[in-house]
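Colleague: Under the working numbering, the residue at position 216 of the sequence shown is numbered 216, and the numbers go up by one with no gaps.
Under the rule of at most 30 angstroms between Cα atoms (straight-line distance), these lysine-lysine pairs were calculated in the DSBU-like manner:
(1) K244 / K181
(2) K238 / K181
(3) K244 / K207
(4) K117 / K43
(5) K239 / K181
(6) K239 / K227
(7) K238 / K151
(8) K51 / K113
(9) K238 / K207
(10) K151 / K38
Label-pair ranges, simulated between beta-carbon atoms:
(11) R177 / D31: 57 to 65 angstroms
(12) P10 / D180: 40 to 48 angstroms
(13) E277 / K107: 34 to 42 angstroms
(14) L242 / D26: 46 to 54 angstroms
(15) N100 / D252: 18 to 26 angstroms
(16) N241 / D180: 20 to 28 angstroms
(17) E21 / P221: 48 to 56 angstroms
(18) N126 / K239: 29 to 37 angstroms
(19) G213 / Y27: 28 to 36 angstroms
It is worth saying that the hints were derived from the structure and are not from the lab.
Glycine included, each C-beta is placed from N, C-alpha and C at the ideal position.
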Amino acid sequence: MIDIHFIVNPIAGQGRNNFSESFLQDYFEADKYNITIKSSIYKGHALVLSKESIFQKATIIVACGGDGTINEVASTLVGTSIPLGVIPIGSGNGLASTLNIPRNIHKALLLIKKNNKIRIDVGQINQRYFFSNTGFSFSASVIKNYEEQNKRTLSSYVTATLKSLFYYSKKNKLNIRINDKTDVTDPFLVFVSNSNTLGYDMSLTPKASLQDGLLDIVIVPKISVLKMLYFGLCLLLKKPNLLKEAICYQSDSLTLYRTQGAFYLSQIDGESSQINEETLLISIQRKALNVLV
Numbered sequence: 001m002i003d004i005h006f007i008v009n010p011i012a013g014q015g016r017n018n019f020s021e022s023f024l025q026d027y028f029e030a031d032k033y034n035i036t037i038k039s040s041i042y043k044g045h046a047l048v049l050s051k052e053s054i055f056q057k058a059t060i061i062v063a064c065g066g067d068g069t070i071n072e073v074a075s076t077l078v079g080t081s082i083p084l085g086v087i088p089i090g091s092g093n094g095l096a097s098t099l100n101i102p103r104n105i106h107k108a109l110l111l112i113k114k115n116n117k118i119r120i121d122v123g124q125i126n127q128r129y130f131f132s133n134t135g136f137s138f139s140a141s142v143i144k145n146y147e148e149q150n151k152r153t154l155s156s157y158v159t160a161t162l163k164s165l166f167y168y169s170k171k172n173k174l175n176i177r178i179n180d181k182t183d184v185t186d187p188f189l190v191f192v193s194n195s196n197t198l199g200y201d202m203s204l205t206p207k208a209s210l211q212d213g214l215l216d217i218v219i220v221p222k223i224s225v226l227k228m229l230y231f232g233l234c235l236l237l238k239k240p241n242l243l244k245e246a247i248c249y250q251s252d253s254l255t256l257y258r259t260q261g262a263f264y265l266s267q268i269d270g271e272s273s274q275i276n277e278e279t280l281l282i283s284i285q286r287k288a289l290n291v292l293v
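Starting from the given sequences, assemble the full structure and let the hints guide the process.
Modeller: Here's what the structure looks like:
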């Protein structure tokens, strides 16, 4: 028997999705599959539930939600033989887009049943994992403002972006040193990506690959408000390098040293996070996760 555990974020997709056992058994026959459904009820709960599923010897663990839910589930599976299934019912769904996993639940479930596995790279920030991207300064501010809104829609994302632009025209307190040689005062953006999609079909790293063993890095120093708006246009065009101040390159690691500021405000796979450590080693683990596609 194949034991499939579904870790469901019940508020993803505005809570309108049905993941009952009777619904899932239309896809997974009872004589071949054992189905377990678990609902996460707080931030970090999906990680706890996934660890429990590993202990229960699940054959496949499926994350049903957005990039944040996928991050929690996938973080427990790094370095294991248990494959990750994805039902993308979040708002942005950046990782699923990169993997070409359809947002249509019927089609996504059929992919899981097909059981076609690939191995993908995994990003790491000190002891934490990311699978799509991580960002600091402007990117982190956008996610923080986005989470403070009640709705997870594209219009909410645009509102959060505009609010973040206003904030960064006023002040910023983060000074960092990159790879022990480059000092950046009040950076507008530090963005590190493992995938080629941010979500909502936008991208800062359109050439990124989940299987090349490299991180795609975009660094933008402090710039004027006018250039911030221009950079927003570059984002929509998926051509961040059109901004001459933007530094775009690939590497298997990046080290950030906080020389001023109380903490790093970051986003990790679309979830806001405050990091208090002074030094961050951002690196890549090659092909460390099995994913069903």
